[in-house]
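Chains Y and R are the protein sequences, given in the same order. Read left to right, the first sequence gives residues 1 to 261 (the working numbering). Read left to right, the second sequence gives residues 1 to 270 (the working numbering).
Note that these hints are calculated values from the structure, not bench results. Computed from a predicted structure; not experimentally measured. A portion of the hints provided could be inaccurate.
Said to hold, decoys possible - Over the 12 angstroms line for every Cβ pair with chain Y, so calculated as not near, a few chain R residues: (1) G33; (2) L83; (3) Q98; (4) I131; (5) L172; (6) Q197; (7) A200; (8) E233; (9) D237; (10) L238.
As the list claims (entries may be wrong) - Not the full set, but computed from the structure, chain Y residues with beta-carbon under 8 angstroms of chain R: (11) V152; (12) Y156; (13) A160; (14) K252; (15) W253.
Yeah, the Cβ is synthetic: ideal placement off N, Cα and C, and Gly gets one too.
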Amino acid sequence: MNATVSRIFPPAIVGVSLIAIWYLVIYLFDIPIFQLPAPHDIIEAGSQEQSTLISGALQTTLACLIGFFTSLLGGVLISVLLAYSSWAYKGFYPYILLLKMMPVIVLAPIIILWFGQGLASITVITFLICFFPIVANTTMGLCSTDKNLVDVFRVYNSSARDEMLKLRIPYAMPYFLTGLKVAAALTPIGALYGDTVAGMGSGSDAGLGFVVVVFSSQLKIPALYAAAFTACFIGFLFVSLVNILHWRLLHKWHDSYAQSN
Amino acid sequence: MPNLTAATALSDSEEIRTADPAVSIQGLYKQYGNGPTVLNNINLEIAEDDFIGLIGPSGCGKSTLLKLLGGLESKTKGDIQFLTQQTSPRPKMGFVFQDANLMPWLTVIANVMLPLELNGASKQEAERKAIQLIEMVGLGHVKNHYPRQLSGGMRMRASIARALTIEPQLLLLDEPFGALDEMTRDDLNEELLKLKQLQAWVGVFVTHSVTEAVFLSSRVLVMSANPGEIYREIPIDLPFPRTSETRNLPEFQQKVVEVSQTLHELRNLA
Numbered sequence: 001m002n003a004t005v006s007r008i009f010p011p012a013i014v015g016v017s018l019i020a021i022w023y024l025v026i027y028l029f030d031i032p033i034f035q036l037p038a039p040h041d042i043i044e045a046g047s048q049e050q051s052t053l054i055s056g057a058l059q060t061t062l063a064c065l066i067g068f069f070t071s072l073l074g075g076v077l078i079s080v081l082l083a084y085s086s087w088a089y090k091g092f093y094p095y096i097l098l099l100k101m102m103p104v105i106v107l108a109p110i111i112i113l114w115f116g117q118g119l120a121s122i123t124v125i126t127f128l129i130c131f132f133p134i135v136a137n138t139t140m141g142l143c144s145t146d147k148n149l150v151d152v153f154r155v156y157n158s159s160a161r162d163e164m165l166k167l168r169i170p171y172a173m174p175y176f177l178t179g180l181k182v183a184a185a186l187t188p189i190g191a192l193y194g195d196t197v198a199g200m201g202s203g204s205d206a207g208l209g210f211v212v213v214v215f216s217s218q219l220k221i222p223a224l225y226a227a228a229f230t231a232c233f234i235g236f237l238f239v240s241l242v243n244i245l246h247w248r249l250l251h252k253w254h255d256s257y258a259q260s261n
Numbered sequence: 001m002p003n004l005t006a007a008t009a010l011s012d013s014e015e016i017r018t019a020d021p022a023v024s025i026q027g028l029y030k031q032y033g034n035g036p037t038v039l040n041n042i043n044l045e046i047a048e049d050d051f052i053g054l055i056g057p058s059g060c061g062k063s064t065l066l067k068l069l070g071g072l073e074s075k076t077k078g079d080i081q082f083l084t085q086q087t088s089p090r091p092k093m094g095f096v097f098q099d100a101n102l103m104p105w106l107t108v109i110a111n112v113m114l115p116l117e118l119n120g121a122s123k124q125e126a127e128r129k130a131i132q133l134i135e136m137v138g139l140g141h142v143k144n145h146y147p148r149q150l151s152g153g154m155r156m157r158a159s160i161a162r163a164l165t166i167e168p169q170l171l172l173l174d175e176p177f178g179a180l181d182e183m184t185r186d187d188l189n190e191e192l193l194k195l196k197q198l199q200a201w202v203g204v205f206v207t208h209s210v211t212e213a214v215f216l217s218s219r220v221l222v223m224s225a226n227p228g229e230i231y232r233e234i235p236i237d238l239p240f241p242r243t244s245e246t247r248n249l250p251e252f253q254q255k256v257v258e259v260s261q262t263l264h265e266l267r268n269l270a
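Isolated chain Y (complex conformation) (with noise of 0.2 angstroms):
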């Protein structure tokens, strides 16, 4: 109970100064809505928007999903093919950091030219945006096993199978996780950048992103905010998914977590 409290309430402490500082700047320098809106401001227009707000986060969600598990397939069979065969490494890696170094605003335009608008070139910026985090740090687990480790596999004749399965994978799982986190606080980054250039503004389709262009176009700045909190509600949610799998696979064993044991 005690450890309960001791954890919510600095948070909440927190919390909630920082909403009374927010009315107080507001009442004290008269700004007016929109440069800041208060809180209930906010509120009241997101609850006017609300259909709006809702089917854009389902879409942006939606673009979220399919780039980041894309991603995710792709990063880690890439990364097990690289760490596979030194060859495959050294000759795919730096056309690998290239497609990084190429910023993303720049290939926006091509892509789109590849995949029109809409959802399909969504989730190709969402798919590059992730899909560099995940490679990176995958690989770096894969071929970085302790050689300790590969020595007890060497010694007991271990297949290559076996040595991939038993031994680099589970090693490489921090690792992995690591940039699938980061992964994961990138991807709506990636869709709502991905609806401000590539995305429909026809009902239904239109993402948060594009929301967020149509509110700052019509200068609905309370509703702007609401779609700001909206959007960080999803990469709270994408975070979360990927912290929960992270101490799922990692709580028993790993160093990170032995303070809670």
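Dock chain R against chain Y, hints included.
Chain R only, in chain Y's frame:
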């Protein structure tokens, strides 16, 4: 053929022994690339009841010799023959590393089962043998714990159990107790000898501790560095089973002095 004469000289001194040789090393030579010679003309016959202690200054190649035996390094020249088995070129081998080297994501029992599973044993069989050994090394109560929950001594016990699950014909130990405190080390030394009685393996181990070398070994090989050579063989003819009382015997103390003096001699030569 200087190698041959050295080998014969060694095997002559073996005549008192009744056991057959299990491993025969002839003219073994190891060099990393164009670097200095790590091992120079090693000739050694290891008998079936031997427990060989390798001791010497750092850089004398004792760990390299062990890794060559374990197949973790490849030799530059010479020959290692395993005579205990007829069918496969390598006998069943257990290796206890300097660090416990347990897989942190596996429980104690899963770690101990690993060598059997890598060699295609069924899960039930692996589990049965693993449990037996875990009980034997006194880790029954923590068999479902993860390595990070164990003390250093317990991890080393698990590591020894892992090396013994495959019922090795040859057990190689690379400074296995170097990181442990002296009490734990003495305890594990005694347990290791008990295990050797239960499971007849040929043992070769590397150590920095003179008392450990004398306590465990049937023969102590003192090695010299640059290049790594066998400088002197000191037979330890204290009777088995050896217990903690063995350490108090004057003969034991004598042997400790003898090995220490040999190491001093080496230092003065260098």
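Do the hints match the structure? See the list:
no.: 1; hint: G33; result: holds (18 angstroms)
no.: 2; hint: L83; result: holds (20 angstroms)
no.: 3; hint: Q98; result: violated (8 angstroms)
no.: 4; hint: I131; result: holds (19 angstroms)
no.: 5; hint: L172; result: violated (8 angstroms)
no.: 6; hint: Q197; result: holds (24 angstroms)
no.: 7; hint: A200; result: holds (20 angstroms)
no.: 8; hint: E233; result: holds (26 angstroms)
no.: 9; hint: D237; result: holds (32 angstroms)
no.: 10; hint: L238; result: holds (30 angstroms)
no.: 11; hint: V152; result: holds (5 angstroms)
no.: 12; hint: Y156; result: holds (4 angstroms)
no.: 13; hint: A160; result: violated (12 angstroms)
no.: 14; hint: K252; result: holds (6 angstroms)
no.: 15; hint: W253; result: holds (4 angstroms)
Checked against the numbered hints above, the structure breaks hints 3, 5, 13 and satisfies the rest.
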